[in-house]
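**Q** When you get a sec, could you build the whole thing from the sequences and use the hints?
Numbering (my numbering), first residue to last: 361 to 523.
Rather than coming from a laboratory, the hints here were simulated on the basis of the structure. Quick reminder that beta carbons are idealized off the backbone N, C-alpha and C, glycines included. A couple of the hints might just be wrong.
Across the chosen pairs, the derived CB separations fall in these ranges [stated by the list, open to error]:
1) K392 / R438: 36 to 44 Å
2) R416 / R503: 20 to 28 Å
3) G520 / V395: 16 to 24 Å
4) N492 / K400: 35 to 43 Å
5) Q387 / H413: 19 to 27 Å
6) R477 / L390: 19 to 27 Å
7) E379 / K467: 40 to 48 Å
8) R438 / K474: 35 to 43 Å
9) V395 / P479: 26 to 34 Å
10) G466 / R486: 23 to 31 Å
11) K386 / G494: 32 to 40 Å
12) E454 / K382: 31 to 39 Å
13) H440 / G510: 35 to 43 Å
14) R477 / K400: 29 to 37 Å
Taking lysine-lysine and the BS3-like style, the derived pairs with C-alpha atoms no more than 27 Å apart in a straight line are [what the hints assert, rightly or not]:
15) K400 / K458
16) K391 / K427
17) K429 / K386
18) K517 / K423
19) K427 / K474
20) K429 / K471
21) K506 / K522
22) K467 / K429
23) K522 / K422
24) K517 / K400
25) K474 / K400
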Amino acid sequence: MLPLLMLFGFLFAQDLYQEFVKEQVKQVPLKKAIVFGRGKAELITFMNPDCGHCRREWQELKKVPDKVKVYIFLIPFRGHEESRAKADYIACSEEPIKALDEVFSGKFDGKPPKVPRCPLVDEHIRLAESLNVGGTPYNIILRDYKVIEGYNPELLKIMGVKR
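**A** Next up, the structure:
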């Protein structure tokens with residue numbers, strides 16, 4: 361009986377958490393995101409320009425632009441000027457997806473772009489803090505408000521995307 365009660369408690373807690381996430385997502389200003397793709401499977405993701413797992417996730421997502429729509433928010437490492445410069449370069453670029461692909465391919469590793477601060481990055485950071493995003497990549501699948509913290513090679517499958 362105790363294991364059954366524990367299972368019920370776990371499932372109930374998961375449902376509550378998903379409802380909490382759903383309410384939080386309503387506050388996310390999607391118009392402030394960098395948007396990639398035109399598909400039906402929607403994802404909010406918080407990424408760091410110097411995060412190896414974020415780069416791996418990007419390599420998977422960019423293969424299916426017709427199947428996903430990704431709202432990307434950039435959160436550079438605190439106190440790391442190179443990471444911040446890369447985020448600024450992406451966020452205020454006239455072609456942010458091209459810039460993101462350049463950064464995530466390693467083009468600026470060790471030689472960050474010389475760009476002015478981008479206020480949009482500050483907004484992304486504040487949003488991440490308000491949602492208690494602790495690490496990257498941090499993903500919210502909009503279909504069911506499922507949160508996936510960290511890199512998961514099955515992300516597209518979990519989103520219902522067939523390659």
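**Q** If a hint holds in the structure, say so; if it does not, say that too.
**A** Checked hints:
{"no.": "1", "hint": "K392 / R438: 36 to 44 Å", "verdict": "violated (20 Å)"}
{"no.": "2", "hint": "R416 / R503: 20 to 28 Å", "verdict": "holds (22 Å)"}
{"no.": "3", "hint": "G520 / V395: 16 to 24 Å", "verdict": "holds (19 Å)"}
{"no.": "4", "hint": "N492 / K400: 35 to 43 Å", "verdict": "violated (28 Å)"}
{"no.": "5", "hint": "Q387 / H413: 19 to 27 Å", "verdict": "holds (26 Å)"}
{"no.": "6", "hint": "R477 / L390: 19 to 27 Å", "verdict": "holds (23 Å)"}
{"no.": "7", "hint": "E379 / K467: 40 to 48 Å", "verdict": "holds (41 Å)"}
{"no.": "8", "hint": "R438 / K474: 35 to 43 Å", "verdict": "violated (21 Å)"}
{"no.": "9", "hint": "V395 / P479: 26 to 34 Å", "verdict": "violated (18 Å)"}
{"no.": "10", "hint": "G466 / R486: 23 to 31 Å", "verdict": "holds (28 Å)"}
{"no.": "11", "hint": "K386 / G494: 32 to 40 Å", "verdict": "violated (21 Å)"}
{"no.": "12", "hint": "E454 / K382: 31 to 39 Å", "verdict": "holds (34 Å)"}
{"no.": "13", "hint": "H440 / G510: 35 to 43 Å", "verdict": "violated (20 Å)"}
{"no.": "14", "hint": "R477 / K400: 29 to 37 Å", "verdict": "holds (35 Å)"}
{"no.": "15", "hint": "K400 / K458", "verdict": "holds (22 Å)"}
{"no.": "16", "hint": "K391 / K427", "verdict": "holds (20 Å)"}
{"no.": "17", "hint": "K429 / K386", "verdict": "holds (17 Å)"}
{"no.": "18", "hint": "K517 / K423", "verdict": "holds (13 Å)"}
{"no.": "19", "hint": "K427 / K474", "verdict": "violated (34 Å)"}
{"no.": "20", "hint": "K429 / K471", "verdict": "violated (30 Å)"}
{"no.": "21", "hint": "K506 / K522", "verdict": "holds (18 Å)"}
{"no.": "22", "hint": "K467 / K429", "verdict": "holds (25 Å)"}
{"no.": "23", "hint": "K522 / K422", "verdict": "holds (14 Å)"}
{"no.": "24", "hint": "K517 / K400", "verdict": "holds (14 Å)"}
{"no.": "25", "hint": "K474 / K400", "verdict": "violated (36 Å)"}
Hint compliance for this structure: hints 1, 4, 8, 9, 11, 13, 19, 20, 25 are not met, and every other hint is.
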